[in-house]
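Model the placement of chain H with the ligands on the given structure of chain C, informed by the hints.
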Amino acid sequence: MIALNVNGRETRIDVDPQTPLLWVLRDHVGLTGTKYGCGIAQCGACTVHIDGQPVRSCGLPVGDVGSAKIVTIEGLAPAGILTKVQKAWLDLDVPQCGYCQSGMLMAASALLAATPNPTDADIDAAMTNICRCGTYQQVRAAIHAAAKA
Amino acid sequence: MIDTIKLDRRAFLVGTAAAGAGFSLGFGASPAAAQGAVPEVNAWVVIRPDDGVVIRIARSEMGQGTLTGLAQLVAEELECDWSKVSTEFPTPGQNVARNRVWRNFSTGGSRGIRESHDYVRQGGAAARDMLIRAAAAEWNVPAGECAAANSTITHRPSGRTTTYGKVAAAASRLQPPGEIALKPVADWKIAGKPLNRLDTADKLTGKLVYGADIKMPGMLTAAIKACPVVGGKLGSFDAASVRSMPGVKHVLAVDGNAVAVVADTYWQAHLALEKLPIVWDKGPNASVSSASIDTMLDEGLGAAQAFVGNRQGDATAAIAGAARRIEATYSFPYQNHAPMEPMNATALYTGQRCEVWCPTQNGEAALAATAEAAGLPVQSCDVHKTMLGGGFGRRGRSDYVRQAVLVAKQIPGVPVKLLWSREEDMTQCAFHPITKCKLTGALDAAGNLTGLHMRISGQSILASLLPQNLQNGMDPVVFQGLNPGGAEGQFGYDIPNLLIDHAMRNPHILAGFWRGVNANQNALYVECFMDELARAANQDPLEFRRKMLRPKHRVVLEAAAEKANYGRAPAGRHHGLAQVMAFGSYVAACAEVSVDARGALKVHKIVAATDCGVAVNPAQIHRQVAGSFVYGLSAMLYGECTVKDGAIEQTNFDAYNVMRIDEMPEVETVLVASGGFWGGVGEPTIAVAAPAVLNAIFAATGKRVRDLPLVKHDLRRV
Ligand code: FES
Ligand code: FES
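Residue numbers (this note's numbering), protein chains in the order written: chain C, 1 to 149; chain H, 1 to 718.
Only chain C is shown next, with the shape it has when bound in the complex (with noise of 0.2 Å):
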């Protein structure tokens, strides 16, 4: 049995402690806003919040969590009112299909919480997921606008 701590909220879940934390989320915690995109920690698609940092859950194994706390998409703005890296991604109408979204928003708010302002160097070396659809020059806009928000 494994303790989980998810968006907030203690869990226990009896699971191989090998098998990786997204397919957890997914499967077991029933989170399905982490998204499975490669599997090999390529792609950011499956990013969540440990701690405070950006990790590719895809890569981790569940039983390496410990008591670490774990913020999915879901838990961003739990009580529904959106923040304002969501915001700014509403008001510039940032996803296509939107399926890379999820990890672009986790891997953005860590950008941003760690450092407040940052520079286009800094949403580059950051912000590493893939999109297919493009929506790369929206990103930058959005970090940028929800930075002066």
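Do not take every clue at face value.
Claimed, not checked - If you want a taste of the chain C side facing chain H, the calculated C-beta under 8 Å gives, among others:
| no. | residue |
| --- | --- |
| 1 | 19 |
| 2 | 23 |
| 3 | 31 |
| 4 | 33 |
| 5 | 36 |
| 6 | 73 |
| 7 | 90 |
| 8 | 97 |
| 9 | 139 |
To be verified - Cut-off 30 Å, straight-line C-alpha distance, at most; resulting in silico cross-link-like pairs (DSS-like, lysine-lysine):
| no. | chain 1 | residue 1 | chain 2 | residue 2 |
| --- | --- | --- | --- | --- |
| 10 | H | 207 | C | 84 |
| 11 | H | 207 | C | 69 |
| 12 | C | 87 | H | 193 |
Derived by calculation from the structure, the hints in this document are not laboratory data.
From the three backbone atoms N, C-alpha and C, an ideal C-beta is built for every residue, glycine too.
Here is chain H with the ligands on its own, set in the frame of chain C:
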């Protein structure tokens, strides 16, 4: 294995709003509004008593924004309050049952809007007419004295008003009108405006349910592996060796060429499938390699027989008698679509019925595939479309739908979600076709292009996917953007002696429709070679082209060049141009690049001009153009799928790299909406991204890159 969270037993139903799709569990499922709870005004429009407007969208939404654009067109004629608009997808099964009232569901070829704008606007106009007549009848006044705006109907003489929600039920009982005159584009208030998308909010909170996210009570999840060599078969597999692994429920042969493991969760299915010993019967294609395909295409470059796509004058004679002859050979590799959401479908088969929930670009084809695989009449099946995590042409095929149904059929009564791994997605695809092209140009003494022969050798998409559409063996789609005329994609240059022909050479690897399709390589071949010819003739590439370009082609190229300050690049930067007509639109690009001493490329900026005739949403057009460049530049920089032992070698994004944000150029869009025609938007500009950049690279380095991807080339200045 029993989790303390009994997720599989927990009903996790997805409502219509959350899925953005007609999704509810059980047979006969359909959009709530279509169920009869609220009567529809007509097939396109449902108005709820609270004035909420539900617009039905037949086409698929994969990020391209068609859902919003189509809703704008309906709303424009409906004269409704845009802030009250939501959308729903009717199912293909309902379309069949209602005699195809929504017509075509297929969403590809940048056709979503340009093919349906007329009848969806008629749908909105007819609903408005019925709502007005219902109000007039209630007031007992002539309908001609009433007008509608912003979901409110006003009786002009008396000033009385009512709302759509109040008269919708009565309107639904009226006879629909005949053909209605549509509003002129100049009068548009909703359509033509840069409105935000309707489908963004749920993409920001994890709430939007994609196909991969579907859950149902009692659902099992399947992982699958098909024979890595297309055309090969399943030999044998040792099910007993994995059957006792945690969560594993079934190990099943699928279609004679694949094995699926069905388990409680995806990870359990995946682990067991990885461990499962499988023997493939790879068949005769197991010896094919990229080198053998290359030899096959090289032979086609010089072959005597070829299908002619465009012939003017006598190119052969012009070339033979030319003052100067310029020759070059280009190539374009296989590419995978690699949408971020891997292929998936959820199927429930009971023996009498079969239903599927899936992301598809072609709901009706998915329904046909469902019925065929289930062995049931179409009337006993349905498909519920979800939003797509990317499509790019990949989801126009229904191979994954067929597999899901064939798995579900072996476990009647149990819903099964089939989810492909990225590795499966990368290797089991109908790829962007592979071609080579030999171009020969004839220059006269004054440097005019008097003749051009363009010999394409390589693969036909129709031969792979739709052989019934070949015309006496010829694939007309090969000549995208190279045709002598026509509304879809004419060749842009008037050259007195021209021959464009195709030696069809089809390796066993399947070729498919990949965003931009054949315009991608055709524009690259033509536009890079035009640059070569201009340099050979010692002329500026813009001037050289202008003399030969047809009017609308010239206008977009000049618009891009002007906006980009063509010819006046900042120090150390260089410009490159390209133009094409494809998917009914005229597009051009001017790229600005620099290449440093170590050969590192930086694409600073691309200005793109698009003449799509009528522009339905300029803000979304800009996003499509910028996104299309990411797709086109990813292919140019990194994209190549190679073949070894008959199978595709690249299995994930580590080997099939794509562009990230740090390589994103600034994209500026010039919209030249010249009116009078409806061109597509999602695809055409992809085709000009790579040639514009490659031409700019030549300007910067003197290096002419003729085969992709760029990552194979050393760009240090020669
Ligand atoms: S799914 Fe984890 S990085 Fe791609
Ligand atoms: S929005 Fe579609 S992959 Fe990023």
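Tested hints:
Against a cut-off of 8 Å between C-beta atoms, the interface hint on residue 19 of chain C holds, since the closest Cβ of chain H lies about 5 Å away. At its closest, the beta carbon of residue 23 of chain C sits 4 Å from a beta carbon of chain H; the interface hint therefore holds under the 8 Å criterion. Satisfaction of the interface hint for residue 31 of chain C is found here, the shortest Cβ-Cβ separation to chain H being roughly 7 Å, below the 8 Å cut-off. Interface hint at residue 33 of chain C: satisfied, since its Cβ lies 2 Å from the closest Cβ of chain H, which is below the 8 Å cut-off.
Because the beta carbon of residue 36 of chain C sits about 7 Å from the nearest beta carbon in chain H, less than 8 Å, this interface hint is met. Contact between residue 73 of chain C and chain H, as hinted, is supported at the beta carbon level, the nearest pair being about 4 Å apart and thus within 8 Å. At a threshold of 8 Å, the smallest CB-CB gap from residue 90 of chain C to chain H is about 6 Å, leaving the interface hint in force. With 8 Å as the threshold, the beta carbon of residue 97 of chain C comes within range of chain H, its nearest partner Cβ sitting at about 3 Å, so the hint holds.
With a least beta-carbon distance of about 6 Å to chain H, the hint placing residue 139 of chain C at the interface is held under the 8 Å criterion. For the suggested pair residue 207 of chain H and residue 84 of chain C, the alpha carbons sit about 18 Å apart, so the restraint of at most 30 Å is met. Distance check on the hinted pair: residue 207 of chain H and residue 69 of chain C sit about 21 Å apart at the alpha-carbon level, within 30 Å; holds. Restraint check for residue 87 of chain C and residue 193 of chain H: the C-alpha separation of about 22 Å stays at or below 30 Å, so the hint holds.
Every hint, counting from the list given before, is met by this structure.
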